[in-house]
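Model the placement of chain B on the given structure of chain A, informed by the hints.
In case you want the letters, here they are:
2 protein chains.
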Amino acid sequence: MQKKKIAIVGIGLIGGSLAIQLHEKKISSRLIGVDVDASHRELAMELDLVDEIMELDEAIAAVDVIVLAIPVDKLVDLMPGLMDKIDQQIVIDLGSTKSPVVNSIKDHPKRGRYVATHPMWGTEYSGPQAAVRGAYENKAVIICNATDSDSDALEWTKSMYKKIGMHLLEMEAKAHDLHAAYVSHISHITSFALANTVLEKEREEQAIFELASAGFESTVRLAKSNPAMWVPIFMQNKENVLDVLKEHIAQLNRFRESIEMEDHQYLLKLIGDANKIRRIIK
Amino acid sequence: MQKKKIAIVGIGLIGGSLAIQLHEKKISSRLIGVDVDASHRELAMELDLVDEIMELDEAIAAVDVIVLAIPVDKLVDLMPGLMDKIDQQIVIDLGSTKSPVVNSIKDHPKRGRYVATHPMWGTEYSGPQAAVRGAYENKAVIICNATDSDSDALEWTKSMYKKIGMHLLEMEAKAHDLHAAYVSHISHITSFALANTVLEKEREEQAIFELASAGFESTVRLAKSNPAMWVPIFMQNKENVLDVLKEHIAQLNRFRESIEMEDHQYLLKLIGDANKIRRIIK
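Protein sequence lines, in the order shown, are assigned to chains A and B.
Each step along the first sequence adds one to the number in our numbering, with nothing skipped, and position 203 is 203.
Each step along the second sequence adds one to the number in our numbering, with nothing skipped, and position 187 is 187.
Please keep in mind that the hints were generated in silico from the structure rather than gathered at the bench.
Only a predicted model underlies this, so the values are computations on that prediction, with no experimental measurement involved.
Don't be surprised by glycine CBs; every beta carbon is placed ideally from N, CA and C.
Heads up, some of the hints might be wrong.
To be verified - Which chain B residues face chain A? A few, computed with CB under 10 Å, are given here:
1) H179
2) T197
3) E217
Looking at chain A on its own, in the form it has when it is part of the complex (with noise of 0.2 Å):
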């Protein structure tokens, strides 16, 4: 594959992850970082995570390639913009929602310049400093509404993914937000609010440090995950994450009821219909 002059616009987790990334596999002849935080420029420069740090629209024209890593409510506010200013680059965003950006730049002119994707891969930390190495390989990467970008942009984005490391799925839209409100958001929110409650109910935080075993620290380690960019995707998710939720509080009910009914039948079923999570995963 022909490698390009790259813009990443966000250098935190996701942008400096893939950052590193487009370096190793040699995808990238040069790379640009852009972000609206002085320190996250800084620190980007300083772990090597870029080339160069340019303002966006210097950016934009000095590229091939514009890749955004920025929460989605950012997203969805820059689209239409930055679809005005380009000429052929490819835009690729790597949102966790979206029908909200693809529907921002549906009726644009420049619409198959850009290339909608989701990598399903990330961590509860942020900033240039949380980026790692070898982040994405093995993951899927969802490619939504292909048919709606043109095809030198499609096929040079699903090589730079392919050389990642990660297998390609695609979908529309309206069924990745359906999935990704089940298999990611929901999570995190289990997580944010079993953190609240803990914190809530025990003071003691030293008993809580002490004893915390394994499974409780994976179960919460989303809790940390940054709210800039959570809370745009809960907020763009509305209906399918509240759907999620209210089936998921409607299942934390039935355990409540068998345990205060003493139960053991009814809850030995839940528990039983919880273990065919194996079958998903090992």
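Structure of chain B alone, referenced to chain A:
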């Protein structure tokens, strides 16, 4: 410390993993396995977890220390009769709830021979094949109602855990059960309920499998845990578990409301509060 002949009653995940440590840390002169399940007995020998298999009564007569690693309902049934049969042996249990087992032999003439413990370690797997090397190391073990144990029994038990590499905490059984509801039991319920939510709502399992990212895996992995172990824990710790579960549902409802009302500020605050878990979990 003096090596002893030790019987492990229940050679599954918990008992089997302890057996490996007792062998490797040279704490046992001989290890005897007891299990009601014939396939567990065979596997425990095949996997070299124990030196020999015996029936319970035979084992009681043959050893210096009896370690009980069975579900907490079975434990409470077994204890009074077991204590009737011992002479100077030390009896140690590893159960996840402590008040019921402690109360089951509260006034027993041999009470002093018993040490109530809860090593804070486990995985979502079960059976002898799930036993792992290096388990328990650098984790906390809680010793409950220590002053009710004879000093020789208590000291030997503490030495055993220290030699394995655990750090010791002492606590009343009642306080233990309260803390355990927060840092362990509720995590399992949220994970079971999350698995059921996803399995209920999402019929296209291939989609989940492909999309499931690291976040989903970590929050849902406890949902694979063994019902035979967890149903009795929830039942025995009913009051504490229900208190925490109600609080957790209330917390989830706050997330639901903030998303429904599109109240960005409230949702930012809820997630910001959850982020404080960083003080506890690095």
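Hints and how they fare:
Given hint, B/H179 at the interface with chain A, holds; its Cβ is 5 Å from that chain's nearest Cβ, closer than 10 Å. At a threshold of 10 Å, the smallest CB-CB gap from B/T197 to chain A is about 4 Å, leaving the interface hint in force. At a threshold of 10 Å, the smallest CB-CB gap from B/E217 to chain A is about 5 Å, leaving the interface hint in force.
Hint violations for this structure: none, all hints satisfied.
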